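There are 4 protein chains.
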Amino acid sequence: MSLRVDLNCDMGESFGAWTMGRDAEALRNVTSANIACGYHAGDPGVMRRTVRAAHAAGVAIGAHPGLPDLCGFGRREMHVSPAEIEDMVLYQIGALAAIAAAEGTRLRHVKPHGALYNMAARNERLAAAIARSVAAFDRDLLLFGLAGSALLAEGRAAGLRVASEGFADRAYEPDGSLTPRSRPDAVLDDPALVVRRAVRMVTEGRVTATDGSEVTLLVDTLCTHGDTPGAQALVQRLRAGLEASGIAIMRLDRDGSAHA
Amino acid sequence: MSLRVDLNCDMGESFGAWTMGRDAEALRNVTSANIACGYHAGDPGVMRRTVRAAHAAGVAIGAHPGLPDLCGFGRREMHVSPAEIEDMVLYQIGALAAIAAAEGTRLRHVKPHGALYNMAARNERLAAAIARSVAAFDRDLLLFGLAGSALLAEGRAAGLRVASEGFADRAYEPDGSLTPRSRPDAVLDDPALVVRRAVRMVTEGRVTATDGSEVTLLVDTLCTHGDTPGAQALVQRLRAGLEASGIAIMRLDRDGSAHA
Amino acid sequence: MSLRVDLNCDMGESFGAWTMGRDAEALRNVTSANIACGYHAGDPGVMRRTVRAAHAAGVAIGAHPGLPDLCGFGRREMHVSPAEIEDMVLYQIGALAAIAAAEGTRLRHVKPHGALYNMAARNERLAAAIARSVAAFDRDLLLFGLAGSALLAEGRAAGLRVASEGFADRAYEPDGSLTPRSRPDAVLDDPALVVRRAVRMVTEGRVTATDGSEVTLLVDTLCTHGDTPGAQALVQRLRAGLEASGIAIMRLDRDGSAHA
Amino acid sequence: MSLRVDLNCDMGESFGAWTMGRDAEALRNVTSANIACGYHAGDPGVMRRTVRAAHAAGVAIGAHPGLPDLCGFGRREMHVSPAEIEDMVLYQIGALAAIAAAEGTRLRHVKPHGALYNMAARNERLAAAIARSVAAFDRDLLLFGLAGSALLAEGRAAGLRVASEGFADRAYEPDGSLTPRSRPDAVLDDPALVVRRAVRMVTEGRVTATDGSEVTLLVDTLCTHGDTPGAQALVQRLRAGLEASGIAIMRLDRDGSAHA
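Chains as they are written, first to last, in the working numbering: chain A, 1 to 260; chain B, 1 to 260; chain C, 1 to 260; chain D, 1 to 260.
Calculated directly from the structure, the hints in this document are not laboratory data.
Wrong hints could be hidden among the right ones.
[Claimed, not checked] Selected chain B positions facing chain D (in silico; Cβ < 10 Å):
#1 D69
#2 C71
#3 R75
#4 M78
#5 V80
#6 S213
#7 E214
#8 L218
Computed from a predicted structure; not experimentally measured.
Glycine residues also receive a C-beta, built at the ideal position from the N, C-alpha and C atoms.
Sequences are here, hints too, so could you generate the full structure?
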């Protein structure tokens, strides 16, 4: 069986007069775009331009719903109920889907953003609420979540295909969770190391945790970043390294390879 | 040919901990619900509960998009561009449509709210932008607008079916526009007069303007209000008066009677 | 020494077109008004009208800063940093103080709202951040907090006079914290019991916890509620009960009785 | 009499995770900082850091209140009433003043932002509302407005000292208003021309309008821009050109030179 992986990137995170990210460059390097839906970032105009550009680039379009916190960029956890989460995710998916329809395309996946992603990784009730909202909107949408997370489990339980996400530039704890960004060693800076970890995630299904132990994880898609000056050089290096190891970079919806 | 008219009411205009309107009562009396979409009022939870209640009551569900101005309740005109309007209307329609889908139903119409409605009545470029967003999302949606307005003209030009709206409790200017609320005589208080004007709009296609002249207008749907204590008593009286004049109260999507 | 207590009530929690509370009635019964500052509720116009009415009624005016969450009414905890809290509390206090100045009056106290109040009751770093912002703005402001809370301790440590608040209609845990509202027995409905508990808090400095144990607490001010139809009848009964027990209802800034 | 002029720049227009402007550079070149107050841009943390940096740089600190429209950056006109304007300006001034107090400094001036500035230049009732809010908060604050505008007239009528602002890089209409940005020739690109116009505004009190006629204007302060890469090079050239013409660059509050 041939090896393959999807590369995703958060996009459309500008807002009004404020710009964030280098989406045009990122679209040349990734296969899935997670597009902000107005709650943590993005506005209807930004959403439309981002959808249009991703569609033109042949990149899969996904909703990137977040918590209602523009000032905190959706990174501050909020004590919201599962019912509130279900409705606000549905709202955001629908808003982006309408814009995609107006641009002659459609959504392929949903990846929660920031604090919502992290909360859904460990909280089963929130994870189930997100899964319900995705399934209620469109059962063919792929749900992206942290490898081994509650979100993937609840997505599968709701009958959704899920995509297991790996972070090649983040440290992992022995239990498979990401080392919190508040820790100094949370983000890996060495490009060669990042590429090696990415290749190993895809080919062996393993990553070394902070205590030296091995974490087993299936990876359908790798998270890349688009908001720093050197980010795209790293993504290009990652692509080259993956391909040199015989791994095809490919949209998930084109071959159904997600580990559902 | 039998006479018929739709009765519509704005709904779902609560927000978070704040309640507005008596939607449960209104749903017993009208045939179309215009549901706020989060910009001027409404939040995802309110939207969901309102969609569910309207669906259960057999009332047609419509999107009621507004300007992004919670504090002004969408009643303050803003100098937004046609492109901004197009994208923000699309966003709001999509958000409500997703919630409707999750509740097993779908949208039937779109009626802009407040300042957006008024701006679209007279500004052709904004009207065309709204019509484009509705047509891009779903060509089967009915577009509600003021009788004789630019919104209806642009809706027709975009290939949409439109519904011409009359206001039985509002004074009209000789040119068919509504007398601004800032004028003391803008709102009619006498229930008997309101009923007579409604009946005459439907049966004769006329209403007397403030200067005594006659305005010709076709009316597919009458606007009713749900936010004051006595509002529903007036709507019931209106229903009775219309029916006593041989006019059937009927959803527009059930018989296709809109004057498209 | 004569017994005395302040009665406070949250006010100015309307927003735009939405009304909450019966502030005019409440102002006849309480001695301190905690006025929302635009983050969880209130807008500049509501703030101004509320300040004007409180000033005219001779009621002490306080800032009631909250988390930036209109849709959640400031009741959902958010993971905000102490620095963020310090700056957002300062912002809100300053905004209300300017409005008070324009109305010819000034702030007397600060009482955090909802989730911010609860977080500051138990989290020393957030409590210290609030105390810093109050002290930086005006060292003469009185800081209201839950009796026995971290907020009062940090307020005193920052050199502020503090007012210890009791809740006569809420159940207490043995450790002096309020029983969470999610518990069925969290709110006491029996007016006679509420009055007895209030009197005992002021005269004996004690309240019976849910397990029957006695909690010791000093009470400078009692929280009353203004948002339900029967609320003011209860407050009037509370006033009568307190006065019948020889307790004077009196603004804290008039006699300096706060247990600082 | 010696010639002098103030140079002002809008600052603190970042928001949450989004950055705008190069405030640190601008603070080396100007004498007055107009700091956004959270309505069109800025958040409490951005406001505090900007106040601190301006204070450390010896630059005069002013409030830069805007319309409540983050997504439109306060550039979209809104039909707000004078009373609404008065209260929202007061709110924003107070919020920034509290932050300034916590940083050991105080406000020196108020300059409305964007659409609010433009509306107040021509609408006397809005201008008077702004003047009332400034005067109610602090009669020593200097009010910045377009040279010849209604805002300056109403500011003087309210007993305020005003500062008359010139735009060296903007085209003027014969009536002294700025040529709208929608016109292709609205912004002047030639640095030498911009410097010449600035010098002439200060030394002669004149600027050539788009039709070749001469507009008479008194200029206390010149607007500079901080949000484009080459902006500070232009400001440095402007400083050099003004000084070479014998014009001192000086804070207005230091010498009372405003043409009140």
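Against the structure, the hints:
1. D69: holds (7 Å)
2. C71: holds (6 Å)
3. R75: Hint on B/R75: holds, closest Cβ of chain D at ~9 Å, below 10 Å.
4. M78: holds (5 Å)
5. V80: Where the cut-off is 10 Å and the nearest Cβ of chain D is about 6 Å from B/V80, the hint holds.
6. S213: Where the cut-off is 10 Å and the nearest Cβ of chain D is about 28 Å from B/S213, the hint is violated.
7. E214: Cβ of B/E214 sits 31 Å from chain D, so the hint is violated.
8. L218: violated (30 Å)
Going down the numbered hints, you'll see the structure goes against 6, 7, 8, while the others check out.
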